[in-house]
Amino acid sequence: MKCTRYERWLWDELEGRLGTAQAQELRAHLQVCPRCQRQWEAARATHQALRALPRYRAPQQLALQVRARIQETAAPKPEFVWWKRVALAPALGILAAAAWWGWLALNPDSTYSTETATAAHSVENWVEIHEQLEVADWSPTPTPSYFITTGYTQ
Amino acid sequence: MVSDTVSYTGRIIEVDALSAEAQLVERAQAQDETAFEQIMHLYADRLYNYILRMVGNSADAEDLLQEVFLRAYQGLPSFDGRASLSTWLYRIATNLCIDYQRRRARRVQTVPYLAWEDEDGEVGHWESPDTQTPDPMEAALNRELQQVVEHAIRSLSPKLRTVLLLYDVEDLSYEEIARVLNIPMGTVKSRLNHARGQIQKQVEAYLRGESK
Ligand SMILES: [Zn+2]
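Chains as they are written, first to last, in my numbering: chain L, 53 to 206; chain S, 4 to 215.
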């Protein structure tokens, strides 16, 4: 249909992309075609409204918030883990040894090798649990952005 | 003679602006904190305006804007300057917004507020807007026609909305949008036509209702 051709020209005319001859042809058609005239009015109103939409300003505290998030993602985890582990292992070792001696005093029949292994194993467990708790301590608090941050795929 | 001088000067300014941006990027890459803050200052409002209309509420828009700059900061070492800084930032913002919408569409199972369908058949919907917190975006919609247009923008699929906002609201060129979205220029134009057509239809209905 003839009208589709003019419909396609409406936005070109609004953006000044239409040649003089085509613009004249379009205007002539609009005068005799109420349907295209309505479309023209709508296109013009849309064009104007889009250009005049209010613009919004970014929050004032943006730089501070971004800085905080940068520091949050660069938190010095390894430093805290190593010294705590160094401090923790002997302490737990002493505890476990004390528990073992106590247990040994109550059960004089048990063999040395089994108990040494058990004590060593429990120290390992404690260090592991402690590390897990520590990781939990230092992971960032979930925010509304947390899922976006962690689940983003390029 | 005069026009030569004008265009020559114009060229110089353009080159200066580009090299100033390149220097800014270089300084930011060398861990210059003030340079990165300047980048944020230059682009924050433009990106926020875009993101806010992409996601429709200020709380998430603010969060996503922070995320854009966080990713920009992390990605700066590998930014090679082949794309312009603005193209690169709009790309990060677009990816985050589309990712956000997919997540939200999947997570939220409420009654759809606005349904959309893409030209290639992808469907989805927006959840009802949050009415508990006052939204500056909603508050500023004081003119009826603008309200109709804002509503029509929100009813577009993310693909169409992206192109419409970048072209008609953010003033990017076809070429720039093609680079931001990594799609051919022909696709940019056809999506823009689709988007405008859909908004125009709603405006036409509104105008017809007015004249009754
Ligand atoms: Zn017609």
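Hints may be right or wrong, so weigh each one.
Stated by the list, open to error - Coverage of chain L stretches by chain S, computed from C-beta distances (three or more under 8 Å per stretch; other residues unrestricted):
#1 67-74
#2 78-86
#3 118-126
Unchecked claim - As a list, the in silico EDC-like pairs of lysine to aspartate or glutamate whose alpha-carbon atoms are at most 16 Å apart:
#4 K204(S) with E59(L)
#5 K162(S) with E65(S)
#6 K204(S) with E77(L)
#7 K192(S) with D64(L)
#8 K54(L) with E77(L)
#9 K192(S) with E207(S)
#10 K192(S) with D174(S)
#11 K192(S) with E93(L)
#12 K192(S) with E179(S)
If you are wondering where the hints come from, they were derived from the structure by calculation, not from laboratory data. Computed from a predicted model, the values in this text were never measured in an experiment. Cβ coordinates follow ideal geometry from the N, Cα and C atoms, glycine included.
Hint by hint, here is what the structure shows:
1. Under a criterion of three residues with beta carbons nearer than 8 Å to beta carbons of chain S, the stated coverage of the segment 67-74 of chain L fails, only 0 such residues being counted.
2. Note: the segment 78-86 of chain L has 0 residues with beta-carbon separation from chain S under 8 Å; the three-residue rule is not met and the coverage is violated.
3. With 4 residues bearing a CB less than 8 Å from a CB of chain S, the segment 118-126 of chain L meets the requirement of three and the coverage assertion stands.
4. A threshold of 16 Å between alpha carbons decides the hint, and for K204(S) with E59(L) the separation of about 12 Å falls inside it, so the pair holds.
5. With a C-alpha separation of about 21 Å, the suggested pairing of K162(S) with E65(S) is violated against the 16 Å cut-off.
6. With a CA separation close to 23 Å, the supplied pair K204(S) and E77(L) exceeds the 16 Å bound.
7. Pair hint K192(S) plus D64(L) holds up; C-alpha atoms about 12 Å apart against a cutoff of 16 Å.
8. For a cut-off of 16 Å, the pair hint linking K54(L) to E77(L) stands: about 12 Å separates their Cα positions.
9. At roughly 22 Å between alpha-carbon atoms, K192(S) and E207(S) are farther apart than 16 Å, so this suggested pair is violated.
10. Distance check on the hinted pair: K192(S) and D174(S) sit about 14 Å apart at the alpha-carbon level, within 16 Å; holds.
11. Between K192(S) and E93(L) the CA atoms are separated by roughly 22 Å; this puts the pair beyond 16 Å, and the hint is violated.
12. Between the alpha carbons of K192(S) and E179(S) the distance comes to roughly 12 Å, so the proposed pair stays at or under 16 Å and holds.
When held up to the earlier numbered hints, the structure conflicts with 1, 2, 5, 6, 9, 11 and fits the remainder.
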